[in-house]
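Undergrad: The whole structure should be built from the sequences, with the hints applied where relevant.
Chains as they are written, first to last, in our numbering: chain V, 36 to 270; chain F, 4 to 183.
Because the hints were derived from the structure by calculation, they are not lab data.
Note that the coordinates shown come from a computational prediction; the quantities given were computed from them, not determined experimentally.
There are no misleading hints in this set.
Pulled a few chain V residues facing chain F out of the computed Cβ check, cut under 10 angstroms:
(1) 62
(2) 66
(3) 73
(4) 76
(5) 217
(6) 240
(7) 246
(8) 254
(9) 257
(10) 260
Built from N, CA and C at the ideal position, the CB exists for glycine as well.
The chain contents come next:
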Amino acid sequence: MAYQKSLIDRGVFVKHDYKKHQPIGVSSTVNIAKAILSLKSFIEDNAKTGLATLYMAERDLYRPLREHLQSLLPVPTLVDTEASLKRLTNPLQKTDISIRDLFEVNQPRLSNFKSFCFIEIKSVFFGEKISGKAISDDLEKLLECEDKYGAKCFFTLVGLKTELKKSQSALSLLGNIGVDSKAFKVVTCNNKNAWLMPSGSSMQGQLQIFVWSVSSSSQFPKGFTSRSYSIFQQE
Amino acid sequence: MQPKIQLSDFSEDYLPFQFEGFWKKGYCFLRIVIKDGKVLCLCCQLPDYTGTSITNAVESVFEHAVLKLEDEKTEDGKPVVTYHEQFPLFKSLLLGEEKHKLQRRKDLTAYVLANLVWVEHYPPEIGIREAGSFAKVIFTDSGEPIWNYISIDTLESEFDEPNLFSINYEELQEWPTRKA
Numbered sequence: 036m037a038y039q040k041s042l043i044d045r046g047v048f049v050k051h052d053y054k055k056h057q058p059i060g061v062s063s064t065v066n067i068a069k070a071i072l073s074l075k076s077f078i079e080d081n082a083k084t085g086l087a088t089l090y091m092a093e094r095d096l097y098r099p100l101r102e103h104l105q106s107l108l109p110v111p112t113l114v115d116t117e118a119s120l121k122r123l124t125n126p127l128q129k130t131d132i133s134i135r136d137l138f139e140v141n142q143p144r145l146s147n148f149k150s151f152c153f154i155e156i157k158s159v160f161f162g163e164k165i166s167g168k169a170i171s172d173d174l175e176k177l178l179e180c181e182d183k184y185g186a187k188c189f190f191t192l193v194g195l196k197t198e199l200k201k202s203q204s205a206l207s208l209l210g211n212i213g214v215d216s217k218a219f220k221v222v223t224c225n226n227k228n229a230w231l232m233p234s235g236s237s238m239q240g241q242l243q244i245f246v247w248s249v250s251s252s253s254q255f256p257k258g259f260t261s262r263s264y265s266i267f268q269q270e
Numbered sequence: 004m005q006p007k008i009q010l011s012d013f014s015e016d017y018l019p020f021q022f023e024g025f026w027k028k029g030y031c032f033l034r035i036v037i038k039d040g041k042v043l044c045l046c047c048q049l050p051d052y053t054g055t056s057i058t059n060a061v062e063s064v065f066e067h068a069v070l071k072l073e074d075e076k077t078e079d080g081k082p083v084v085t086y087h088e089q090f091p092l093f094k095s096l097l098l099g100e101e102k103h104k105l106q107r108r109k110d111l112t113a114y115v116l117a118n119l120v121w122v123e124h125y126p127p128e129i130g131i132r133e134a135g136s137f138a139k140v141i142f143t144d145s146g147e148p149i150w151n152y153i154s155i156d157t158l159e160s161e162f163d164e165p166n167l168f169s170i171n172y173e174e175l176q177e178w179p180t181r182k183a
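TA: Here you go:
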């Protein structure tokens with residue numbers, strides 16, 4: 036807190052006689068949930084470029100999403116893929132996408148970094164199968180991330196309409212997909228309570244994407260899908 | 004004691020609709036349709052427009068839409084918004100006119116939010132999707148906007164009204180001349 040306080044202390048800005056920081060800054064808000072929906076364009080563009088099929092392996096979705104988030108954030112190097120979650124009970128666990136806190140930007144990339152956002156992705160394309168247990172594991176991981184990192188956590192489901200329909204029973208943990216608009220409680224395989232808040236969807240055509248915010252609390256305050264940054268100019 | 008709010012049936016297209024952008028005034032196309040107390044707002048990004056987008060300023064566009072409704076009249080000249088409030092004059096004296104007006108605005112905002120379908124539309128070749136897009140934007144209880152992209156066919160199937168989402172794209176081009 037002392038460090039954060041020092042950053043916004045105008046007294047520190049003005050005492051440097053060789054530099055001048057404008058007291059008026061620019062604020063920008065990045066809506067993470069909405070940014071995740073951009074995966075649709077990536078997959079569709081990928082299909083146009085030769086494969087002519089709406090398919091991407093789950094891990095191939097990380098790179099385009101990372102690049103998109105990098106283009107939105109003030110510092111691109113904050114986004115990681117498959118980072119180890121050293122603070123969790125099982126430190127060998129990895130998360131699909133994470134965004135480190137801005138205060139980490141000048142720190143060496145230690146394993147015990149602090150992130151403000153974690154994204155888990157599950158995909159169901161042609162003939163692929165998804166299990167309720169895999170979804171439950173992801174939700175539990177996100178709950179622990181929220182607890183240990185104080186982070187905003189998102190679960191994302193990407194898939195083809197027909198395949199998602201086939202997997203309905205495995206997806207039952209995710210509520211009434213595409214219909215729910217309020218937060219609802221689910222119980223994971225290990226009897227943990229998770230609140231899921233539908234936070235964005237793209238349901239045009241065959242390719243569908245759904246994003247939920249995941250929390251142990253039923254309260255989703257203003258800004259739960261986004262992160263705001265302020266930038267000050269230096270002269 | 005909350006005033007009971009009643010909205011009369013109403014339909015209006017605003018081109019351009021003015022709202023507060025991040026740095027300067029923002030403009031968009033806005034269609035407000037009220038039927039049986041339900042409110043549909045179709046908000047469309049304008050061509051050749053470089054101000055704050057309807058996505059970034061969605062909360063601001065909504066706020067200004069509510070402000071607009073406060074002053075609108077139906078074809079018969081009746082106000083679109085009717086407050087069935089007990090002792091309004093007494094309340095106005097007690098709270099002060101300004102505070103009373105703000106309280107009414109707050110109640111109207113809550114009422115509209117509870118009965119609202121907000122549709123955000125980017126015409127083809129405007130925005131990042133070549134084919135354009137339609138998204139239903141839901142405001143959560145905390146006021147956070149949530150974007151749900153759907154096809155026009157799905158959207159139209161949810162409403163009985165024909166041409167509810169039809170926009171004359173050529174007319175949209177005229178927005179800078181109509182601004183004045």
